[in-house]
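> What follows is the residue order along each chain.
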Amino acid sequence: MEDKLDGILQSYKTKISSSLSFNELDEIFLSLFGKNGELTIIPKEFSSLSVEEKKVVGPLFNQIKQDLEKAINDKRQEIREEEYKKLDQETIDFNTQVEFKKRKGQLHPLTEFENEITRIFGELGFQRFDAPLIDTDYNNFEVLNIPEDHPARDLWDTLYIDSTKYSVPNGKLLLRTHTSNSQIHIMKNLELPIRAMNIGSVFRHENLDARHEHTFSHFELVYIDKGLSMANLQFLSEYFFKRYLGEDTEVRLRPKYYPFVEPTAGIDALCIFCKGKGCKVCGDLGWIELAGAGMIHPNVLKNGGIDPEVYTGIAWGTGLERILMVKKGINDVRLFRNGDINFLKGVGDESK
Amino acid sequence: MKVSKSWLKDLVELDGFENVERLLPMRTIGTKEVTSDFIELDMKGYNRADLLSLRGVAYEVAAITDSKVKFGEPKESEYIWVEKSLDGVKAQVQDEDLVPLYCVAKIEGLKVQASSQDWVKKLEGSGVRSVNNIADVTNLVMLEYGQPLHAFDAGKVQDESIIVRRAKKGEKITTLDGKERELLEDDILITDPKKAIGIAGVMGGKDSEVVEDTQTILLEAAIFDPKSLRKTSQRLGLTSEASKRFYHGLTKKRLLQALDAATKMYEQLGGRLTALTIKGDTEDSIRKIPLTLNKTNSLMGVSLAHNQVEGYLRKLNFSLDALDPDTTASGDSWIISPPYWRLDVEIEEDLIEEAARMYGYENIPSKELPGSPPEKIGQTLFEMIYNLKSSLVDNGFTEVQTYSFFSTKILNNMDYKKDELIKVSNPISSETEYLRNHLWPNLLEVIDKNARQGMEDIAIFEVGKVFKPKENDKSLEKYKLAAALYDNSPNPLPTFYQLLKNFLETLNITLDDNTEHQKTHFHPKRFRRLLLSGTKIGKIGEVHKRATDKFGIAKRVAILEISLEKLNL
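These protein sequences, in sequence, are chains A and B. When the letters of the first sequence are read in order and numbered with this note's numbering, they come out as residues 1 to 352. When the letters of the second sequence are read in order and numbered with this note's numbering, they come out as residues 1001 to 1569.
Derived from the structure by calculation, the hints contain no laboratory data. It should be emphasised that the depicted structure is a prediction, and the values quoted were computed from it without experimental measurement. The reader is advised that the hints may include incorrect statements.
Stated by the list, open to error - Here are a few chain A residues that sit away from chain B, every Cβ distance over 12 Å (derived from the structure):
1. L9
2. K15
3. D67
4. A210
Stated by the list, open to error - In the DSS-like style, the derived pairs of lysine-lysine whose C-alpha atoms are separated by at most 30 Å in a straight line are:
5. A:K242 - B:K1376
6. B:K1468 - A:K172
7. B:K1252 - B:K1315
8. A:K165 - B:K1231
Beta carbons: idealized from backbone N, C-alpha and C, even for Gly.
All chains, please: the whole structure from these sequences, using the hints.
Written as structure tokens, this is what we have:
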């Protein structure tokens, strides 16, 4: 039996190394591993062997199987590399005029929404401000009144950067968990009064399913001036949702808790499908929570070098996917980033 | 927190639950689930430690529904241990900063039995399983008062002597769930002179568990440092009803009330309190917070009257001292003490939130923004991105957004050197372990996905951040733009270039005359660097067949990638 196996190994090794095309290799593969391939049928003969013989033949068989598989793959790669050499003969002329068909392009739904947000809040004088996606634990949490081990950290499962390479201790550099990291950058870089907004990706340590993503888009508005109130917060909420969801949209505030705003408000919109009667989309509540906001906590203003005795602030934020999913009836959050072009085009067409 | 409706009814004068169910989310906290038996409060990340006790919930419900609680605050003079001469339980606390209050009561003469139907019902309505009468007392009291308790079988505690200390390196304990847990020096341990008998606030030890023949227990009521406890429970993956309450914060008053209530329940079961030790200061700190009517109204944007604010806060059991009218201009200033169970109220803004809740957030009117918009700040980056995207869409490209990570497929197929990429130290899986330093490989992956579904013509682009594109670069992230064309042809680059020619010309981007390159991921000939006034800004070319083969993409792919930082528009 050992001789037989060795015979197969030797003869096929020769065949493999002398083959010149993928076709030949495919045939070799089939005659070894196919339904009636030599290595497929041979184990049937093992039953006649003694226990001692089996101990030798079993491992040998497995080894030969692996060797031949590898030999075929290596040869495939070799043939490919030969082909790749021929690429040197191919050329390019950038000046050739080519006929090409007219394609229909499409913005990503998140970009369309981002543009809408920029336009709507732009009407009120809010301007975009860029903030880093990799930020410090300090800017993302501590400055926002969320010290280490604060129970509220449960709200943000965080992805940390392996940061010792950048002279930062591990656990101190992270992928921002919300656009609220922009608050400190905005306060430190802009002159008062401030009307700024930040839009972009945020990250969470979250397993993927239809309702959970580790990457999604957030929007945050930072408004700091003298004498701001919750009534202005109500105004901003109405202003945005009436323009984005329709003039008949009603908006209400509810108590909520985020450590960086006080008072805190959750923002509900009257369900755009049932108009408050209760339906599947709003879970029979009549209202859907679409954003979170509040009056910027005095500690946060202080951390930004702003005197809370003189200035008050409003922070207002939301997740873009969540609102798009409600508005466009999308039931799987993963669709936004998995590159499914049919989905992206479909959502775009529908919104036109 | 699952609030049993029938239990709540024992604590508050309520006609029904319609109002409670409607008002809780509007005045207090979101509800996760409401059934005919219970209301589950959405406590995730919330700061209302008081709502982890039925008494706290009762006070809150009474305030928002304008009803009364049926219970009185227990009198300290009526605590079961008052005027009794009791022995002490041998107990020693080694680190008082980590354990500000530690109490142990010894209760003898107990008999382990099934609990009464009444108790079982209360527990079940709160989502807690009945174990036996001894354990159930600790859970019932925890649910009502918010103070976790733990009963040790006194017979299994060496010398009936307890030492609270930090764990030693390599120390181990088998917890109630039968699992052996390895401890770190930061963990707070409950021990006897020989061994660990519990992880403070997280879980008791299996060895000292109350069992069928237990007659004497050592009942522990304590406050442990929430930070230390949170670290321990998260590391061990042991979050329990008890640990949650520890790290939300406890009060000494409720602790003593709970110890008293539990001991009385054990006496009803036939037990006797025979020894008690209380270690630590039993007084809660009292907060005095100034509040003015003026600030209240200006932050809410309403005009509440003096009496309205007072009324709201009194309903919530805040005590108010009006400041001396002679020293304040209007007399509309107070010094306010929150009730001891409201640990979340610390500053004036917290008090204003209380007033706003009671007034009803939904009653706050909408007011136009005061002041005028500030001066323009630079919007060049965003306007540029907007224009680039519009222009590519006009030229027939579809925008995609992909993850900021390189998938394992990309890492393997492109043979990237991982040590040049930024690494996530706690990835969800290997798919989120390395951050992308280019955009175009993700476009290749998108093409692969869509081509597999039979799509034969794919023109896509992405604008987004890449991370640490160059080793010597200080900044960790940069904006890039990438585009790709797969048109089922053996040479898509001329078409791709024609599509982008105007786009590149508008940006003043030109092809480098030098055709030589060493890039293994690109076709040896069909590749050019892109230049902006002589400096490199990106590249355009056909992806090397070696790479497309590895993805299993049958036809050639042309890509372009440029750095946006260097563009100035």
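> Which numbered hints turn out to be false for this structure?
none
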